[in-house]
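**Student:** Residue numbers (the numbering used here), protein chains in the order written: chain A, -19 to 578; chain H, 32 to 434.
Treat the hints with caution; some may be incorrect.
Said to hold, decoys possible - Sample of chain H residues facing chain A (criterion: CB under 8 Å; computed from the structure):
(1) 120
(2) 146
(3) 151
(4) 152
(5) 153
(6) 155
(7) 157
(8) 159
(9) 161
(10) 172
(11) 176
(12) 220
What the hints assert, rightly or not - Far from chain H, some chain A residues (derived; all Cβ distances over 12 Å):
(13) -8
(14) 18
(15) 19
(16) 51
(17) 109
(18) 123
(19) 137
(20) 186
(21) 212
(22) 249
(23) 315
(24) 325
(25) 343
If you are wondering where the hints come from, they were derived from the structure by calculation, not from laboratory data.
Where is the CB? At the ideal position from N, CA and C, for every residue including glycine.
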Amino acid sequence: MATPRPSLHLLPAALAVLALIPVVVLPLAYLVYGSTLDTESATGAGRVTFERFGEIAGNADYRQGILNSLKLAVATGVGSCIIGVLIAWIVVHVRPPGRNVIDALMIVPFFLSSFVLAIAWAMLGNPNNGLINGWISDLVGRDVVPLSMYSFWGIAFVIMTGTVPFVYMLTAAALGSTDPSLEEAAAMSGAGRVRRLRTVTLPLVAPSILAGVFFAVVFAMESFAEPAILGASIRYNTVLTDIYLAVENFPIKYGTASALAVVVMAITVVLVFVQGKLLGNRSFVSLSGKSGSGADISSGYGRRARLALLLIPVGYLVLAVVLPMLALALISLQPFASPQITELTLQNYEWFFSDEANLRALRNSGITSAAAAVASMLWMFVLAYALRRSRFWGSRVVGYVALLPIAVPGVVIGVALLWISLRSPVLIHGTLIIIALAYVARFSPFVLRSITAAMTQVDVALEESARMSGAGEGRVLRDIIFPLIRPSLLSGGVIFGLFSLRDLNTVVLLSGPTNNTISMQIWSMYENAQLPLVAATAVVQSSILLALVVLGRWLGRAPTVRSSTVDADEPEASYPSRREGGSPASLASPALARHGGR
Amino acid sequence: MSTGSRTTAPHRDGSAGPAPVRQGQPDGEPALDPDYVRIESLFKQFSRTGQATRVLNDVSLTIGEGELLTLLGPSGCGKTTTLRCVAGLERPDSGAIWVRGAPVVDADAGSFVPPEARRIGMAFQSYALWPHMSVLDNVGYPLRMRRVRREGIRRRADEILDRVGLGGKLRRFPRELSGGEQQRVALARAVVANPDVLLLDEPLSNLDARLRQQTLIWLVALLRDLKITTIYVTHDQSEALAISDQIAVMHGGVILQRGTPSEVYDHPLTRFVAEFIGAANLLPGQVTAHRDGGCEVLPAAGGQPYLALPPADAHPASGDEVALVVRPEKVVVQPGHDRPGCIDAVVNVRVYSGSGWQYVMLIGDQELRVDTAVDQVFERGNPVSLSFDGAPLPLVSHREPHE
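With the rest of the complex left out, here is chain A (with noise of 0.2 Å):
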């Protein structure tokens, strides 16, 4: 029922809803128009026409670059889809022993940076001297090389050790959330294990599934990272490392750049339209990486079959975290890159700490991360409730422009704020400034989703009580509203500060040596071949992240639970929204499991 609706200030409100034309819309709508222009010059004047569109389409290197992206989004999806389920599958069903630290290991790949996993993986896996490749040759006595990352299928494993998340916590929510008495029923009118599964269990999941293959898909399309660094010395082009070169190579195209980029935007717009079509008006709230009870007579399964399928998620974990990070480490404690340990020294990180570079790009990392989740928590916290609170016209396309940026690449919002930067009469290009602002423009719809998710849950006859208690709209808004959205909204504000502490893909065409990142810094490093170094700047950024997301496991508990000194009398349901819920707590908050995004 529609509630009267006076006296929202206006102000704060309009800001919010204004604000989206500077950061979103306009960096867009120049990409757009800079992809018309007939100059490949970001500053000059040119003449709108819709050349540079057909000029793609009749270059083979980039047809195949597109194509490439496409070969490996769909490899992503299959792949991640498979082991997703079958992970989702082992934990909520068969209910192997430590299923619950599996369950809670599972989202670690999640938060990892991609382009460390890649730089990881590319230490572990080249084909010259990658350390498994030299293990092996070790073992049997001579070179070998059964091995090679630099390969279309070694692209394609990175990204999907990444992607396999999202699969495994839509999955196994929606299998832990499922009524076991649908399973029982069906066991009850005779039908058998498999049978269940098939015919009751996977088609009650499926729609979970197919929103996190979709993810994979969108996230192996938007990935740069992983083709730019293993596909880098087979010539392995896709259309965003086609979009960096045009920008980073001489002659400069940014005209072309755009034109690529808004062919990938397009292909991911709809991608994500049609995933959210899919996940429809279901609500993900108990989504909270924690799988649920799980039908209980799925799970007679004897203890050897237990303990053998454990390995399965065993072993995902141990590729998509263990070794990679295991190979950084080792690295990083040598003073070359080498398979075979002969020293172990610190000097690696004695350098970096020395180094003033080194330290200023981490500088620079943490206040352009920390100045831009604090405005985007401010800023995401007013658009929220004026969405919540108002019914403009329009207001809905809104909501659709502020979520906009999950569906669009880093490197293509990159290049659209290139336009921006280089246009603009204020000098920001080059400065912190135009970091911040790409930050704020990538990330802010995950903070967003979280605050959005968690304001859905406080039932609108919280506010009515408040009103009729003789509060204000004002005090409704700090007594009640705030309060309840507050562990939300700071889980969305580490999210924040994790996606940009560790973003390659959004700066690596805004970044230069005035304003360099950790993330830049460990790129440079890259190409200069400084591997023990990079391995050493990687493990620092991984361990700045793992407290963050420590930090924020711990910020986003529920506020005042005193659940100890519950009464005898059992609690009635009234409060769904806590009970369920605590999620917005978890790090695995629906904003991410709904769209996630490095």
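Chain A is fixed; fit chain H onto it per the hints.
**Tutor:** Same frame as chain A, now just chain H:
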């Protein structure tokens, strides 16, 4: 809080402060205001996806001071919308509401007092307790909004929580309470600041049946004690009969009948009211004569004519088709067929209710609900003869006017 001394619109400045719990009206006090709350021709429609539904269609009501009026009706009848208009959580399309002589909303004049300035307490169906606040903070919140000092809040909250039997649970959080306890906290919060009017929106509907019965009795005692003018919304007729001074039966955005519980039960004005309140049987019949201010009605199924009372505004003529309202407990059952003056029927269903039997009898193909004492046992399929006690019986029109 003395009545009549304040006729201006309520203020939010807290000047009224936390008056002590309202005492019973002392003798010799001027007569209670019969128009304490006045609702005048409310209209409201919601439009969803282009389709407009009229939820309030000229609703007018007055509620006397200290009275408990129940808005009773099935879901979608407009009772909750009416309540929310009084609260200020909905705005009527047209019409006006006065509380203590001051307009709180007048849609035609464009005036609207926001809910927080109305001095109206409300308990929500979902309780709407703030999960991040303790019981004390929840109950103390209305006082805080009225700028009561901390000690004052503590004292008054203690007092009211003791009154609802939650004295020891000040520091608990809502989730740590049982449903019944949450419900009492919601009620305490609604009355803690001595509102002019108390609104209760289906307060018992989230409790299980056994708890609901206990809470109902407890609530009657509490409300009698507080003597706050109360509007109570429910769809449960037994709740309404038990608790109300006055009942207004609503259907389709219209008030069908308003009166005391016994008036509404014993003299339903329409078929809808008769069927909605206490499962009444509607027995078709024909007016045969007029006597004693009522009329004689002969059931279509036969038997004898019964004295019946038509609604005040209805004047059925001889020969008119009407319906007799026969409550299940007013049916007298005797074994066998062909008794003079009785209607032949057959036992169709028998259900044991503990205190007696509930039957469904068949007169031809018409079903008739009958409640009997525990010693009146009739087997399924057996013939019985029926007659009706308690003449004059209520009489309603054969068809609903808008049917």
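**Student:** Taking the closest pair, is the beta carbon of residue 19 of chain A still more than 12 Å from chain H?
**Tutor:** 48 Å, holds
**Student:** Over 12 Å from every CB of chain H: does residue 109 of chain A meet that, or does the non-interface label fail?
**Tutor:** 57 Å, holds
**Student:** With 12 Å as the threshold, tell me whether residue 249 of chain A passes as away from chain H on beta-carbon distances.
**Tutor:** 27 Å, holds
**Student:** Just to be careful: measuring from the Cβ of residue 146 of chain H to every Cβ in chain A, is the smallest value less than 8 Å?
**Tutor:** 4 Å, holds
**Student:** Does residue 212 of chain A sit more than 12 Å from chain H, CB to CB?
**Tutor:** The assertion about residue 212 of chain A holds, with a minimum of 52 Å to chain H.
**Student:** Would the hint on residue 159 of chain H be counted as holding, given a Cβ-Cβ threshold of 8 Å to chain A?
**Tutor:** 4 Å, holds
**Student:** Far enough from chain H: is every CB of that chain over 12 Å from the CB of residue -8 of chain A?
**Tutor:** 20 Å, holds
**Student:** Against chain A, run the beta carbon of residue 120 of chain H and see if the smallest gap drops under 8 Å.
**Tutor:** OK, holds: residue 120 of chain H within 8 Å of chain A, min 5 Å.
**Student:** Verify this label for me: residue 315 of chain A is non-interface relative to chain H, using a Cβ-Cβ cutoff of 12 Å.
**Tutor:** 55 Å, holds
**Student:** Should the interface hint for residue 220 of chain H be scored as holding, given a Cβ-Cβ cut-off of 8 Å against chain A?
**Tutor:** OK, holds: residue 220 of chain H within 8 Å of chain A, min 7 Å.
**Student:** Is the interface hint for residue 152 of chain H satisfied, with its Cβ closer than 8 Å to some Cβ of chain A?
**Tutor:** Since the shortest Cβ distance to chain A is 7 Å, the answer is holds.
**Student:** Does the closest beta carbon of chain A sit nearer than 8 Å to the beta carbon of residue 161 of chain H?
**Tutor:** 6 Å, holds
Going through the hint list in order, the structure satisfies each hint without exception.
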